[in-house]
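Participant: Protein chains in written order, with my numbering: chain X, 64 to 247; chain F, 69 to 142.
Just so you know, these hints were derived from the structure itself, not from any lab.
Glycine is no exception: its CB is placed at the ideal position from the N, C-alpha and C atoms.
Don't take every hint at face value.
Sample of chain X residues facing chain F (criterion: CB under 10 Å; computed from the structure) [to be verified]:
(1) Ala67
(2) Glu76
(3) Phe79
(4) Tyr85
(5) Val86
(6) Gly162
(7) Leu180
(8) Ile183
(9) Trp185
(10) Asp186
(11) Ala203
Covered by chain X, according to a simulated footprint, are these stretches of chain F (three or more residues, beta-carbon under 8 Å) [to be verified]:
(12) 79-88
(13) 93-102
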Amino acid sequence: VKSAEQRFEELYETHFARVSGYVLARTDWHSAAEAVAQTFEVAWRRLPDVPLEPLPWLLGVARRVLADQRRAQGRRDALFTRLRQTNTTPADETDDELGESIRAAIAQLSPLQQEALLLISWDGLSEREAAAALGCSRGAVALRLHRARRLLRVALSRSSPRDKALGQKSPAAVPVHASTEEHA
Amino acid sequence: MNRDDLAALVRSVRPSDADRVDDLFTRTRRDELFNEIVRTPYGAQTVGSPRCGRTGGRDCARRASDGRVPGGVS
Numbered sequence: 064v065k066s067a068e069q070r071f072e073e074l075y076e077t078h079f080a081r082v083s084g085y086v087l088a089r090t091d092w093h094s095a096a097e098a099v100a101q102t103f104e105v106a107w108r109r110l111p112d113v114p115l116e117p118l119p120w121l122l123g124v125a126r127r128v129l130a131d132q133r134r135a136q137g138r139r140d141a142l143f144t145r146l147r148q149t150n151t152t153p154a155d156e157t158d159d160e161l162g163e164s165i166r167a168a169i170a171q172l173s174p175l176q177q178e179a180l181l182l183i184s185w186d187g188l189s190e191r192e193a194a195a196a197l198g199c200s201r202g203a204v205a206l207r208l209h210r211a212r213r214l215l216r217v218a219l220s221r222s223s224p225r226d227k228a229l230g231q232k233s234p235a236a237v238p239v240h241a242s243t244e245e246h247a
Numbered sequence: 069m070n071r072d073d074l075a076a077l078v079r080s081v082r083p084s085d086a087d088r089v090d091d092l093f094t095r096t097r098r099d100e101l102f103n104e105i106v107r108t109p110y111g112a113q114t115v116g117s118p119r120c121g122r123t124g125g126r127d128c129a130r131r132a133s134d135g136r137v138p139g140g141v142s
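This is chain X alone, in the form it adopts within the complex (with noise of 0.2 Å):
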C-alpha cells in the first residue's frame, strides 16, 4: 500500500507538466508558479478526494486558483492579455491577421465556452474529462462546444482573411452574440 506521500509525489511527478502548461497558457509567469505551487497545496490537502483520473481534478482546481487571482487582483481580462502575450512567430502578415481574428473571435466567447474549447484545442482533454474539469456534465460541455465553434465560425467568417481566400461563405448577419447565448 502506498503511503500519502508516494501516491502524492507520483501525482505530483506525473501531472506537473500538464498543470503548469495549463497555467502558463492562461496567466503571466509570476501568477503561474503561485497558481502551480497552490494547486498541488490543493491536491496534497485534499489527496483522499482526488479522483483515479487526477488530471482533470486537478486543472479544475488549478482553474479556481486562477479565477481567485483574477478577483484579488481585480482583473477579468487576464486570458485575452495572455493572448496578445502569445510568442508567436506569424509566417506572413496573413497568418498574423489571422491570428488577430481569432484571439479576437475567443475573447467574445462567454469564460465557460473559452475553458470548453480551450480545455480541448489547448489542454487535449475529451469532452467526458472536460466536464469533470469543469464541474459540469458532458452534456453541458458538449453545448457549449457547439455554441463557441459556430460563434467562432460567424466571427472569422466576416474577418478571416484566409476564410475569405478559401471562399468561406458567411453566415446570415446576425450578432456574434446571439440572444440564444450562454453568458453564465
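Model the placement of chain F on the given structure of chain X, informed by the hints.
Facilitator: Below, chain F alone, put in the same frame as chain X:
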C-alpha cells in the same frame, strides 16, 4: 470550415511559451516545492471541499482569509 480546421486555428494561438515549464520551475525548485508541500499537514480541510461545506465553517473561512489556501472556489 470544418471542426479540425477550427481546432487547429484555436491551437495556433496558444501561447508558445506555455510549454516552457522547466523555465518556470527548475528541477531544483520543483523538488523544493514538493518538500514544502509535504511538510504541511496532510488531509487538512480547505475551503471548497465538500466536507468543509457541510460542516460550515468559521475554521474554513479563517483558513481562506489567511491567504495560504485558495478559497472561494467558484
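Participant: Does each hint fit the structure? Answer for all of them.
Facilitator: Going through the hints against the structure:
Hint status for X:Ala67: holds, given a least beta-carbon distance of 5 Å to chain F, under 10 Å. With a cut of 10 Å, the hint placing X:Glu76 at the interface with chain F holds, because the nearest CB-to-CB distance is about 9 Å. A distance limit of 10 Å between C-beta atoms decides the matter here; for X:Phe79 the minimum to chain F is near 7 Å, and the interface restraint holds. For X:Tyr85, the interface hint holds, since its Cβ comes within 10 Å of a Cβ in chain F; the closest pair sits about 8 Å apart.
Checking X:Val86 against chain F: minimum C-beta separation of about 8 Å stays under 10 Å; hint holds. For X:Gly162, the interface hint holds, the least distance from its beta-carbon to any beta-carbon of chain F being 6 Å, beneath 10 Å. Taken as an interface hint, X:Leu180 checks out: its beta carbon lies about 6 Å from the nearest beta carbon of chain F, inside 10 Å. For X:Ile183, the shortest C-beta to C-beta distance to chain F is roughly 8 Å, which falls under 10 Å, so the interface hint holds.
For X:Trp185, the interface hint holds, since its Cβ comes within 10 Å of a Cβ in chain F; the closest pair sits about 5 Å apart. Checking X:Asp186 against chain F by beta carbon gives a least distance of about 9 Å; that is within 10 Å, so the hint holds. Look at X:Ala203: its Cβ only gets to about 16 Å from chain F, farther than 10 Å, so that hint breaks. With 10 residues having a Cβ less than 8 Å from any Cβ of chain X, the segment 79-88 of chain F passes the three-residue criterion, so the hint holds.
For the segment 93-102 of chain F, the proposed coverage by chain X is satisfied: 4 residues have a C-beta within less than 8 Å of a C-beta in that chain, meeting the threshold of three.
Checked against the numbered hints given earlier, this structure breaks only hint 11.
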